[in-house]
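Following the hints, position chain B against chain A.
So the protein lines, in turn, are chains A and B.
All letters in the first sequence, in the order written, are residues 1 to 500 by this note's numbering.
All letters in the second sequence, in the order written, are residues 1 to 62 by this note's numbering.
These are calculated hints, taken from the structure and not from any lab test.
Hints may contain errors.
Unchecked claim - Simulated restraints, written as ranges between beta carbons of each label pair:
no.	chain 1	residue 1	chain 2	residue 2	range
1	B	Val25	A	Glu303	39 to 45 Å
2	B	Val25	A	Gln372	51 to 57 Å
3	B	Val25	A	Phe211	21 to 27 Å
4	B	Trp10	A	Ile279	18 to 24 Å
5	A	Pro300	B	Ala44	29 to 35 Å
Unchecked claim - Stretches of chain B that chain A covers, calculated by requiring three or more beta carbons in the stretch to come under 8 Å of a beta carbon on chain A:
no.	segment
6	34-42
7	49-55
What the hints assert, rightly or not - Cut-off 27 Å, straight-line C-alpha distance, at most; resulting in silico cross-link-like pairs (DSS-like, lysine-lysine):
no.	chain 1	residue 1	chain 2	residue 2
8	A	Lys120	A	Lys103
9	B	Lys31	A	Lys217
10	B	Lys3	A	Lys102
The beta carbon of each residue, even a glycine, is placed where N, CA and C say it ideally should be.
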Amino acid sequence: MSAAFWVWFGIAIYIAVGLAIAIMARRQLGAGMSEFFLANRKVGGFVSALTYSATTYSAFMMIGLAGLTYFSGVGALGFELTYLCGMFMMVFFLPRFWLVGKKYGYVSPMELLSDRYQSKGVGATTAILALVFLVPYGAVQLMGVGYLMNGISQGVIPVVAGIIIAVVCAIAWSSIAGLRSVAWTDAFQALIMIVVSAAVLGVVVAALGGFSSFFGKLESAVPGLLTVPTAKGAWNINMFVGLALPWLFFLISNPQVSQRLFIPKSVTAMKQMLGGFLIFGFIYTLISVLWGFSATLLVPGLENADKATPTLLALPIIPMGLAIIVMIGITAAAISTIDSILLTLSSVWARDIHKGLINPKVSEAGELRVGQWVIPIMAIIAFVFAWWAAGKTGLAFMLAPLSSAASAGLLMAVPTIFGAFFWKRATATGAIVSCIVGAIVVLLFQVTGWKPLGWWPGVWGFIVCVILFIGVSLATKPPKEKAEEFIGYLREALAKGNFI
Amino acid sequence: MSKFAWAWTWFVFLLVLNIAIPWFVLTHVEKMSGAFLFWVVWVAVAIISAFVIFLKWREVER
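Next comes chain A alone, as it looks inside the complex:
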């Protein structure tokens, strides 16, 4: 049997199990927006932790981060762990999102902002920001699956076939039962991701003579990759801050993850979600980076670093069966992220753009129908982007920088989110102006490749955004009554739960 046959066989099993889980989840599906997009805010701690993990960690990790490590060394670890350190901010944001979500019935993070700032324009602006910048991020997942299947099948399966499979699965998982099918399939996929990646790393490290020998070989073969900046100039401070800044605020800037903060059924579930995710993230990050380092020893000299994982998996030291299972694990990671993105974008479109701007009188059933239609449309747009970008090479088209570039645009909503929770003087005009101008700066700098003083687009965009948010807010009139009520409610509720 050829490698391509086993790849197809593995994909068929994965799709069958995923479909079965999604259909089972549909049996519990009730009516309404909150039910479809948030599973009625009744998700337990274990599933919450796994769906948060699977949504956050994607093809980016075992392909993009591993490729970045292969290409540029230990700075990739610092970059990714900066994100995990940023999760410390969950001690502030998780209870706040959760409490106001329950009290006011928010379905999307943008709806929260609309209400807090008493402006549909804020919700629409941040919604458009998400729609524009999450498409490349979603496309990155698709590209990852395409590269992987192409690599493991030794070129028999075209990249575009992998992309199509990922698109179809993501549409199915998110359409069948909304968040219920996404969360359940995410939980299944997260377990596959962590178990198989640990197993394959174990095989590779054993082939390299164990951890001690592996580390020794790294120190003698590629010492320059173990420090920052590297001898080749990668990971100077500008590059690190440029990539890591969007990652630091990922937990609130990316609506597909911040929407997850509405779903735990209790405080205990919240604690399990956060604790479970932190442990998962720590282990998965180390596995991905060590995997990238092992590739530098075993398959040196690749032109496209994103091909490091597929190339490594195709080596004879890895049994074909294990390689196929790993491929499924990484495919699962990608699809579990893109289905969440599709689900979130559809809720954002239905609630914040369709109901918020186009048709305020739409019924809840009508709103839900619109959301369900948006899922395949967004998927097709991401597919087209992935198809276009998959043929390109260079740092800008590597999975990790492309992901971070997308998050750089989403970063522009961060001052608005901080203002909503912590600054009564923040205004809708400040939020709208800062998001729009910041995003334009990011896009402009990314398209032109301009990096004044060596700083990356996200950094400049963020500086402009923060200044404008504060300046314009001070010059305009805040929604004083709502701000008092919103922040006042949180103050009391936070004290009751011993939150900080």
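Okay, now just chain B, sitting in the frame of chain A:
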């Protein structure tokens, strides 16, 4: 200083270390015991800090 302020200060301190140690202290250490080990320990400290705070959360009546 309130717990809220302490937590933010601690977080900012961790972020400062994130740049200061790898780029200014360990920049010539080309070993796994250099930046690699630092970042692993550093994030473990951040994670433990989060656990210390959120394990004190208690159920609220809704």
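Checked hints:
1. Val25(B) <-> Glu303(A): 39 to 45 Å: 34 Å, violated
2. Val25(B) <-> Gln372(A): 51 to 57 Å: The hinted range 51 to 57 Å holds for Val25(B) and Gln372(A), with Cβ atoms some 54 Å apart.
3. Val25(B) <-> Phe211(A): 21 to 27 Å: 25 Å, holds
4. Trp10(B) <-> Ile279(A): 18 to 24 Å: 20 Å, holds
5. Pro300(A) <-> Ala44(B): 29 to 35 Å: Between Pro300(A) and Ala44(B), where Cβ atoms are some 31 Å apart, the hint holds.
6. 34-42: holds (count 6)
7. 49-55: holds (count 6)
8. Lys120(A) <-> Lys103(A): This hinted pair holds, its Cα atoms lying about 19 Å apart.
9. Lys31(B) <-> Lys217(A): 11 Å, holds
10. Lys3(B) <-> Lys102(A): Within the cut-off at roughly 25 Å; holds.
Of the numbered hints given earlier, the model fails hint 1 alone.
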